[in-house]
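Trainee: So the chains spell out like this:
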Amino acid sequence: MALILERRGTTLVPEPIIPSVVLGGTAVARAGSAAQKERLLAPVLEGQGTLALACSERESRHDVSRVATTAEQSGDGYSLSGEKVWVLGGDCADHVIVSARTGGAVDEAAGVSLFAFDPGADGVKVEPLKTMDGRRAAHITLEGVKVGPDALLGDAGSAAPLLEEVMDLGAAAACAEGAGLLESAFEMTREYLCERQQFGAKIGSFQALQHRAVDMFVELQLAKATMLLAALKVDADADERRKAISTAKVQLGQSGKYITAQAIQLHGGIGVTDEHDVGLFYKRMNVLMALFGDEEHHVARFTSLSGFERSAE
Amino acid sequence: MDLSFTPEQEAFRREARAWIQSAMPAHIAAKAKNHAHFEPEEIREWHRVLYDKGWVAPNWPKEHGGAGLDPTQRFILGEELVMAGTPELSPFGLRMVGPLIVQFGTDAQRQRFLPKILSGEEFWCQGYSEPGAGSDLAALQLKAEDDGDGNFILNGQKTWTTYADRADWIFVLARTNSTLPKRQQGISFLLCDMKTPGLRVEPFLTLGGTPAFCDTYFDDVKVPKENLVGPLDGGWSLAKALLGHERVSIGDVGRSTRALHNLKRIAKKTMRDGKPLFEDPGIRARIARLEIRIESLRMVIYKTLAGAELGKAPGPESSILKIRGSELSQEVDELQMELMGLNGLNWFNEGAVPAHEYWVPSNLNYDRATTIYGGSNEIQRNVIAKGILQLPGA
Ligand SMILES: Cc1cc2nc3c(=O)[nH]c(=O)nc-3n(C[C@H](O)[C@H](O)[C@H](O)COP(=O)(O)OP(=O)(O)OC[C@H]3O[C@@H](n4cnc5c(N)ncnc54)[C@H](O)[C@@H]3O)c2cc1C
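Chains X and V supply the protein sequences, listed in that same order. Residue numbers are given in this note's numbering: position 112 of the first sequence equals residue 283, and the series is strictly consecutive. Residue numbers are given in this note's numbering: position 115 of the second sequence equals residue 310, and the series is strictly consecutive.
Source of the hints: derived by calculation from the structure; they are not laboratory data. A hint or two may mislead.
To be verified - Partial pick of chain X residues on the chain V-facing surface, computed with a CB cut under 8 Å: (1) V256; (2) L300; (3) K301; (4) A308; (5) I435; (6) Q436; (7) G442; (8) V443; (9) E446; (10) N457; (11) A461; (12) D465.
Source: prediction; values computed, not measured. Glycine included, every Cβ here is placed at the ideal spot set by N, Cα and C.
All chains, full assembly: derive it from the sequences and hints.
Mentor: The structure is reproduced here in structure tokens:
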């Protein structure tokens with residue numbers, strides 16, 4: 172999977188793999204019953220429909236267990252109310268998986284549940300959004316949206332650990348796609364350094380730019396290596412997984428910011444046009460940096476892991 | 196040397212600040228408050244307000260319509276204008292071709308062009324860069340041939356011509372002689388009416404999603420010889436004089452300071468773990484480090500200013516301002532983006548994020564240009580290595 176995403180990253184294919192398969196798909200696959208999987212997953216696998224995962228709110232930032240959206244018992248089902256933001260692919264998904272509280276306080280991990288709903292249902296408002304990388308997302312508002320008992324995925328109140336895991340999968344996918352993207356951005360720049368002439372020489376012959384290219388190359392190796400680490404550890408036990416994913420995501424941000432910004436810089440004026448791929452790489456990288464926990468989030472999580480304390484002893 | 200301001204200078208600052216607040220039209224003030232992008236029409240509107248006040252061209256000599264301010268007052272006015280978030284005026288007339296016509300132009304050229312630059316009746320664009328001549332400007336190929344009938348005939352292409360589609364005039368560097376030994380020789384500085392037949396402009400978008408860039412094509416474009424500024428074949432020295440003007444204006448820390456205010460507003464209004472980000476010690480430290488670096492650069496500028504008061508012209512030092520000023524502006528953008536969290540994904544969706552966050556993603560992208568235009572930061576480093584450090588082979 173990581174290798175496929177890495178390849179896709181090299182060409183910026185805007186398919187809904189991450190929103191639909193990695194996020195929505197994993198949530199259903201891990202929490203859903205056989206009947207739910209048949210209903211929600213089969214169309215995705217057959218390429219007949221897409222899923223989206225709605226788990227971010229205005230005040231949740233990167234903490235997916237901070238959930239203000241509520242799910243109240245209503246008849247034999249539930250009534251969902253709240254607002255979700257930046258739901259990737261949420262503008263056109265056939266089903267949306269949403270996190271909502273069946274119990275507990277807003278900042279408690281316990282009490283978070285997952286439900287599937289039809290975005291065409293009464294009380295659902297979908298505000299389609301353009302994102303910086305040329306893709307689509309949505310703000311989704313739920314006002315007393317009625318769902319049946321079969322909408323609940325897994326046990327009520329127990330979804331927080333799964334959500335964290337799904338975010339980590341998303342982060343691993345971002346690292347894989349990002350590594351591919353960075354490789355392309357780097358290669359494109361290296362080629363440009365070998366082609367573009369100024370002052371009667373290839374600009375790649377200027378030592379200042381050679382060193383820049385080398386630094387980009389070093390950053391690329393770090394991103395590729397940690398991407399593999401993340402891919403290998405997605406199914407490891409929780410702390411091992413957290414450490415690997417946070418390492419890779421932080422490294423992706425650092426390598427990504429440097430490589431894509433320098434790729435623009437070394438292209439000069441054409442790098443700042445809306446038409447050249449090098450700018451699209453920068454935009455997509457900025458989106459990948461913000462998704463699934465940013466650098467601050469993952470650094471903070473890294474310091475909270477038991478191994479971080481232990482090695483100080 | 197004193198890096199603080201005199202009471203008179205502080206009084207001037209208060210006067211400028213009060214006037215700006217009273218003079219800004221409401222719709223412009225509303226945009227300024229949210230750190231928004233100004234359209235060319237709004238920039239023109241503000242140009243006229245400053246013109247009426249006599250402050251539109253503070254850097255021009257008084258007799259040609261300048262504001263009659265000393266270097267420190269000019270700096271203070273500039274700082275207040277930026278800090279209030281007023282639209283940045285188009286630099287091509289006021290900061291570039293205007294001062295050049297003052298310095299090198301004929302009386303007839305001064306009378307013809309300067310008043311309309313000041314009043315905002317005519318807007319200009321800069322035709323320097325070509326597809327094959329960016330950092331290496333002397334490689335330019337736009338050809339200007341004498342038609343023996345009092346005109347130059349221009350053929351070739353300019354690129355990255357900012358707002359050529361909105362400009363009334365363009366100043367170009369063109370090759371009038373290709374038989375001379377050095378490429379820097381044989382270049383002339385010409386003024387060309389954008390309505391001249393054979394001149395074609397194709398606009399395209401910047402990475403920030405805003406229109407600004409243009410390709411400008413010349414196909415037998417006739418320019419009367421009276422529009423040659425400075426000596427025939429001697430345009431290179433004019434071009435270099437102009438680049439100096441451009442560098443000092445871009446190094447503006449005022450813009451970064453303002454963006455930092457916006458950044459703090461974002462930090463105050465963005466919640467994490469039920470508290471505003473601005474209350475988090477780690478975030479506060481990161482903001483403070485950025486602010487300290489901006490303040491340090493401001494002090495370099497004050498020091499340069501104090502030198503200018505003593506009659507020293509800023510030389511390669513302006514490259515220091517350009518390098519650090521542009522890098523800091525990019526860092527402020529990046530931290531704003533990071534603080535915004537997922538709102539940083541927003542790409543021109545009205546109402547999807549708070550108004551003061553709306554332009555940040557576009558600015559983040561567009562500001563990659565600040566380390567490229569006006570002499571790229573690599574070129575600025577070359578200038579310092581050679582001009583200040585005098586390193587071997589530089
Ligand atoms: C937003 C924007 C607006 C602009 N507006 C205008 C305008 O209105 N009018 C106009 O005439 N031009 C304009 N320009 C063009 C600008 O001046 C050029 O982009 C700039 O001079 C760089 O040239 P280039 O793009 O051809 O890059 P190149 O010169 O090809 O540079 C490519 C890379 O090589 C590096 N490089 C080049 N030479 C050296 C060297 N000797 N040592 C080390 N590194 C080197 C550069 O720094 C850069 O990183 C604008 C550019 C931008 C981005």
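Trainee: If any of the earlier hints don't hold here, list their numbers in rising order.
Mentor: none
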